[in-house]
Amino acid sequence: NAGVMQNPRHLVRRRGQEARLRCSPMKGHSHVYWYRQLPEEGLKFMVYLQKENIIDESGMPKERFSAEFPKEGPSILRIQQVVRGDSAAYFCASSLGGGNEKLFFGSGTQLSVL
Amino acid sequence: GQNIDQPTEMTATEGAIVQINCTYQTSGFNGLFWYQQHAGEAPTFLSYNVLDGLEEKGRFSSFLSRSKGYSYLLLKELQMKDSASYLCAVKSNTGKLIFGQGTTLQVKP
Chain G
6 NAGVMQNPRH
16 LVRRRGQEAR
26 LRCSPMKGHS
36 HVYWYRQLPE
46 EGLKFMVYLQ
56 KENIIDESGM
66 PKERFSAEFP
76 KEGPSILRIQ
86 QVVRGDSAAY
96 FCASSLGGGN
106 EKLFFGSGTQ
116 LSVL
Chain L
1025 GQNIDQPTEM
1035 TATEGAIVQI
1045 NCTYQTSGFN
1055 GLFWYQQHAG
1065 EAPTFLSYNV
1075 LDGLEEKGRF
1085 SSFLSRSKGY
1095 SYLLLKELQM
1105 KDSASYLCAV
1115 KSNTGKLIFG
1125 QGTTLQVKP
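Here the protein sequences line up with chains G and L, keeping their order.
Throughout, our numbering is defined as the position within the first sequence, counted from one, plus 5.
Throughout, our numbering is defined as the position within the second sequence, counted from one, plus 1024.
Derived from the structure by calculation, the hints contain no laboratory data.
We put the CB at the ideal spot given by N, CA and C, even for glycine.
Some hints here could point you the wrong way.
No more than 35 Å apart at the CA atoms, straight line, and that leaves these computed lysine-lysine pairs for DSBU-like [claimed, not checked]:
1. L/Lys1132 - L/Lys1100
2. G/Lys49 - L/Lys1132
3. L/Lys1100 - G/Lys76
4. L/Lys1092 - L/Lys1081
5. G/Lys107 - L/Lys1100
6. G/Lys49 - L/Lys1092
7. G/Lys32 - G/Lys76
8. G/Lys49 - L/Lys1081
9. G/Lys32 - L/Lys1100
10. L/Lys1081 - L/Lys1105
Label pairs and their in silico Cβ distance ranges [what the hints assert, rightly or not]:
11. L/Phe1069 - G/Lys56: 41 to 47 Å
12. L/Gly1052 - G/Met10: 47 to 53 Å
13. L/Pro1031 - G/Leu43: 41 to 47 Å
14. G/Pro44 - L/Tyr1094: 39 to 45 Å
Generate coordinates for the entire structure from the input sequences, incorporating the hints supplied.
Right, here's the structure in full:
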């Protein structure tokens, strides 16, 4: 029973390029959450999605960032025209439902912008 | 607004007991979670409280007082492997989990 799978584990991009981070939730989970973490800091909420729907995107920057969770396939966090300040660990989590269900986290993608 | 506060760092001795406090002010409450995170790794679930009182699970216990907006995580019989960050998080009414900054615990021999 595979857990939450994120890839790539490490991603290096030059300023101005696009970054695509993928997340496959645990089997049977239809709720996906994306978080961002800087060194020595807590997890900052970015976006919460269900299949084909964005439930809460209050933590997403207004520009360059987008997220989707299609009917088939993984959830994608897309960052266009990356800047050095986008360098961080991006964690994906999934849950069975949206109520009091606990979140299971993936191992994260470490994005480095040169 | 959303505000979750916990101490930044704590140090304790192997075999001892440590209590990590968390206070919160959030618009909406659907439970409080504690996660453990070792450096460079994914957070892992430790405990969940939605009603007032103490939840015990082995060496770890978690307490919640909703009227005071307060929780603590109690770790007993500390082991060196318990050195990690401990994250307090509140589930909002919309379903998202809002995290505090985390408490880095260092266990010394």
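To see whether the hints hold, each was checked on the structure:
{"no.": "1", "hint": "L/Lys1132 - L/Lys1100", "in the structure": "14 Å, holds"}
{"no.": "2", "hint": "G/Lys49 - L/Lys1132", "in the structure": "29 Å, holds"}
{"no.": "3", "hint": "L/Lys1100 - G/Lys76", "in the structure": "45 Å, violated"}
{"no.": "4", "hint": "L/Lys1092 - L/Lys1081", "in the structure": "23 Å, holds"}
{"no.": "5", "hint": "G/Lys107 - L/Lys1100", "in the structure": "23 Å, holds"}
{"no.": "6", "hint": "G/Lys49 - L/Lys1092", "in the structure": "24 Å, holds"}
{"no.": "7", "hint": "G/Lys32 - G/Lys76", "in the structure": "14 Å, holds"}
{"no.": "8", "hint": "G/Lys49 - L/Lys1081", "in the structure": "27 Å, holds"}
{"no.": "9", "hint": "G/Lys32 - L/Lys1100", "in the structure": "34 Å, holds"}
{"no.": "10", "hint": "L/Lys1081 - L/Lys1105", "in the structure": "17 Å, holds"}
{"no.": "11", "hint": "L/Phe1069 - G/Lys56: 41 to 47 Å", "in the structure": "23 Å, violated"}
{"no.": "12", "hint": "L/Gly1052 - G/Met10: 47 to 53 Å", "in the structure": "30 Å, violated"}
{"no.": "13", "hint": "L/Pro1031 - G/Leu43: 41 to 47 Å", "in the structure": "19 Å, violated"}
{"no.": "14", "hint": "G/Pro44 - L/Tyr1094: 39 to 45 Å", "in the structure": "28 Å, violated"}
Consistency with the previously given hints fails for numbers 3, 11, 12, 13, 14, ordered from lowest to highest.
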